[in-house]
Amino acid sequence: MNGYTTLVRLEFFRFWRLIRQTIFPPILTTFLYILIFGFSLGSRIQEMHGFSFILYIIPGLTAMGVMNNAFSNTSTSLYMAKFDQSLDNILASPVTPLAIVTALVTGGIIRGLLIGSITLLVSLPLLKQPLYSFWLTLFFLVLQSIFFGCWGIIGALRAKVWDNLATTQTFIITPLVYLGGVFYAIELLPPFWRKISLFNPLFYMVDGTRYGVLGIHETSLWCSAGLTMLFAFGFFGLCVFLFQKGYRLVR
Amino acid sequence: MHALEILGLTKSYSKTHALRGVDLTIPCGEFFGLLGPNGAGKTTLINSIVGLVRPNAGTVLVMGHNIQKNPMEAKRFIGLSPQEININNYFPIGKIMEFQGGFYGLSIKESKMRAEALLKHFCLWEKRKGGRYQLSGGMQRRLMIARALMGKPKILILDEPTAGIDVELRHELWEFLKGLNADGTTILLTTHYIEEAEILCERVGIISHGKIVACDTPRELIAKHRLPPDMDRQDKFKFIRPGSLEEIFVTLTGEKK
Chain A
168 MNGYTTLVRL EFFRFWRLIR QTIFPPILTT FLYILIFGFS LGSRIQEMHG FSFILYIIPG
228 LTAMGVMNNA FSNTSTSLYM AKFDQSLDNI LASPVTPLAI VTALVTGGII RGLLIGSITL
288 LVSLPLLKQP LYSFWLTLFF LVLQSIFFGC WGIIGALRAK VWDNLATTQT FIITPLVYLG
348 GVFYAIELLP PFWRKISLFN PLFYMVDGTR YGVLGIHETS LWCSAGLTML FAFGFFGLCV
408 FLFQKGYRLV R
Chain B
-3 MHALEILGLT KSYSKTHALR GVDLTIPCGE FFGLLGPNGA GKTTLINSIV GLVRPNAGTV
57 LVMGHNIQKN PMEAKRFIGL SPQEININNY FPIGKIMEFQ GGFYGLSIKE SKMRAEALLK
117 HFCLWEKRKG GRYQLSGGMQ RRLMIARALM GKPKILILDE PTAGIDVELR HELWEFLKGL
177 NADGTTILLT THYIEEAEIL CERVGIISHG KIVACDTPRE LIAKHRLPPD MDRQDKFKFI
237 RPGSLEEIFV TLTGEKK
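Residue numbers (the working numbering), protein chains in the order written: chain A, 168 to 418; chain B, -3 to 253.
Calculated directly from the structure, the hints in this document are not laboratory data.
Mixed in with the good hints, there may be bad ones.
[To be verified] With the Cβ distance kept under 7 Å, some of the chain B side facing chain A (calculated, not the full set): (1) Val46; (2) Leu48; (3) Val49; (4) Ala53; (5) Lys65; (6) Met68; (7) Asn82; (8) Asn84; (9) Asn85; (10) Tyr86; (11) Phe95; (12) Lys105; (13) Lys108; (14) Met109; (15) Glu112; (16) Trp170.
Predicted, not measured: the structure shown is a model, and the values here were computed from it.
From the three backbone atoms N, C-alpha and C, an ideal C-beta is built for every residue, glycine too.
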């Protein structure tokens, strides 16, 4: 066992042990979205890109679950390790910064994909067709979880109190996710807001996921893939750099 | 080769000078005691050795490896039991020990075996399925030492390991540490129990205001610094046995323990 595999086991053990907090609530929330926006309100909304509203929002809800859970996993894990000082024990051990960051992100990917997979599996009977592209769906979901996992790491490094993380999630991530086209196509927006939406990186991630699941997209697939990769690997590099420099870790 | 070589170590926190050019060499296999009053710089020195504090100047060599330039190689040799309890709140202690083995490259099987042996030795085996908060203060302290030994360290650093441990267990721990040292493990111990340092340590360093003010065997320190027996003793020496290491500590640091 090396530092990386040990930390991945530790991450998995942590969120599995707290399954009632980490897995069940996001699944319940996603199903409530499907129930309310899909079945209840969605029946009054006309088709979007040839799909019923409930089908149209499933890729967005999947992406939203992945994003929120990847962020929650890394941010909670790292913040709590800072709080009980067990992080000092890891930092004093012969585990490289790269291994620590990669393991935290892997934990975020596993939890994010677990939530995303359950959402998609339950939605498959509604789709009445296989995923348009399994590999593209996986590609976008993995990159999203890397991006949000890294965002969670940066948030936890910066956070001095728990409120700092809650504020990031409530006032930054949630609006960006909701305005990223989870529940609507941005072409329906007035021109000004459509242009503003194009500056939201989450729009490209949701759009790419929608292409993977349904085969429809609003912007260039290459653009979505490129930007998603840029954000995912850019944030990953930033996290490794911050750990190497000991940002808010080494006194 | 020296286990630890510290040269000109300096560390400041804004206006506080925690370390002011500490020089210290600890040969392999030595049992070394570091004594100092609260705020003298003991913990900052220890955290600099393990890479948790970045010094402003100076060098720390662990078995010849510079902790700043080659941290992974240097950290492999060290087992640390810090002053603050820093045990993960989420996990049962059996898992905590197992994961610690993994950080030092032990296989899962090897980690489990070593964890079992150490937990049994420190009388914690029955508690392995419980969390940190099911342990008393003394048990948590023992768990910290057991965890520090998971990586089979060549250098064991113990920052006040016997704080909160009852007398009987403290004596058992002393025996254990003596045995460990006899097997070749270098031990750096900080303690507030001066008799502990006197009994266990081959050499003792006294740190005050971020500087090592004396460093020698307890016997030599007493010989060099003891007060004249006929001297008019001030209040702060009233309860101190003349000619003890405690007297030397108070003389050199100006503080009564």
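Worksheet item: For which of the previously enumerated hints does the structure constitute a violation, in increasing order of number?
Response: 4, 5, 12, 13, 14, 15, 16
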